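J.: Each chain, letter by letter, is given below.
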Amino acid sequence: MKCRVKFRNMAAGISLAALSGMVYADDMAVNLILPTDASFYTHNFQSLKSPSYLLAANEGEAVPDAVKGPASVAPVIPAAEFKPPMFTGRNAHKYLGLGTIVLAGLTAATAPGEACETNCPPPSSQPRQTSGTAHSRLARATAAMAAATVMTGLLYHWDDFHMEDGWTDPDNLHAMLGTAGALLMLYAVDKSAKSTVPTSHAATAELGAVAMVVAIKLTW
Amino acid sequence: MMQKKWKIAAILAVALSLSSTYAMAEEYFWLWVVNPSRQKGVKPVTDKPYQNECGECHFAYQPGLLPAKSWEALLNADALRKHFGANAEVDKDTLRGIHDYAVDNAAEKSFYKRARKIAVATEEGPAPLRITELRYISRKHHDIPEKMIKGNPGVKSLSFCDKCHTQAAQGVYDADTVNIPNYPNWDGWFSK
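Top to bottom, those sequences are chains D and Z.
Just so you know, the numbering used here puts 171 at position 171 of the first sequence, and the rest follows in order with no gaps.
So the numbering used here is basically just the index in the second sequence, starting at one, shifted up by 1000.
Note that these hints are calculated values from the structure, not bench results.
Nothing false has been slipped in among the hints.
Straight-line alpha carbon distances no greater than 27 Å define the calculated DSS-like cross-link-like pairs of lysine-lysine that follow:
{"#": "1", "chain 1": "D", "residue 1": "K94", "chain 2": "Z", "residue 2": "K1140"}
{"#": "2", "chain 1": "Z", "residue 1": "K1109", "chain 2": "D", "residue 2": "K217"}
{"#": "3", "chain 1": "Z", "residue 1": "K1040", "chain 2": "D", "residue 2": "K83"}
{"#": "4", "chain 1": "Z", "residue 1": "K1048", "chain 2": "Z", "residue 2": "K1163"}
Cβ-to-Cβ under 10 Å is the rule here; a few derived chain Z residues that face chain D:
{"#": "5", "residue": "L1012"}
{"#": "6", "residue": "Y1136"}
{"#": "7", "residue": "Q1167"}
Stretch by stretch, here's where chain Z covers chain D in the computed footprint (C-beta under 8 Å, at least three residues):
{"#": "8", "segment": "88 to 96"}
{"#": "9", "segment": "168 to 175"}
{"#": "10", "segment": "205 to 211"}
These numbers were taken from a predicted model, which means no experiment stands behind them.
We treat Cβ as the ideally placed atom computed from N, Cα and C, and that holds for glycine.
Chain D on its own, in the form it takes in the complex:
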């Protein structure tokens, strides 16, 4: 039974990882088109000569056509109507985050009640352990989704996090609170799963969920 539960958890984890992987691969596949443009590497001397690859080169007045090499001028392609893509890594991160909050709410709603930590009755008279209930399954799913949210956030928003901007920067606060929230949820699930009798873990998990809600609001 325990083996099956472990297997199921592993399968859930792999599915979530595969989901992130698929989104990642999808974006990478599109991006692969860029380097196939050979002129990008061989003829765009402005890009190769100096760090002008960076913003500085994009600054100021536009370069007159006379001083530009033919390869530095982009081909004019008729503009097609643009529609933002539905499935992107950033959207996956957003929906995983929102899903985590929904699951956290459902987990709290299915909680069996307060557990005992001090002056407890003997284990035999305590309520039985609740693993395998809707609450514990939802809790595991919440923790897995929280972890997947953090992972997709690191993948798709890695460059929004800059310590030089200080910790009051909305993206920095978002990353710190979101990660702290996910870790608190994982700790709460782990604490409960390792105990032979019901342990109080609600405060930790709720704190984690609150941290995640605040993190989402800061960058919503």
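Given the coordinates of chain D, assemble chain Z onto it according to the supplied hints.
T.: Leaving out everything else, chain Z in the frame of chain D:
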């Protein structure tokens, strides 16, 4: 147990509120807290005279893209006579109107995420006069090849936000809404 739990939650809430000093300073803080609509970019331009006067020559940049000290430096009669190499003078009343609108909606007075980021990044130091000079903005664009902007007849300069940011007029500058003219397949996987 319950008491302890609520104590921790209350301490966290207070700490978060106090830490967000930039948010606390804003009189509409609680409205922002309960507002479920997305405020990830910058507040769109809502002032007709501002839109008309600025938009006549260039994209009407949202006031949230610069701090108030920058708008103060840019929107006065002297500065407008030499507005980035052009004479952009307007009559006194119009100038007062667009100046007040820009200052009242400047980065540090907005709850929109990108405006807050700009406000935090420009808190210290001299007033930046170009949006493209902002550290945050330059970092966001630094890995875009030159030929996609300056060498791109459909863009020409980073100043033309709306050439690539398809929802710039609505204040949305997400990477997912970027479409660089002549590079329709460049989705900016690592662009921000």
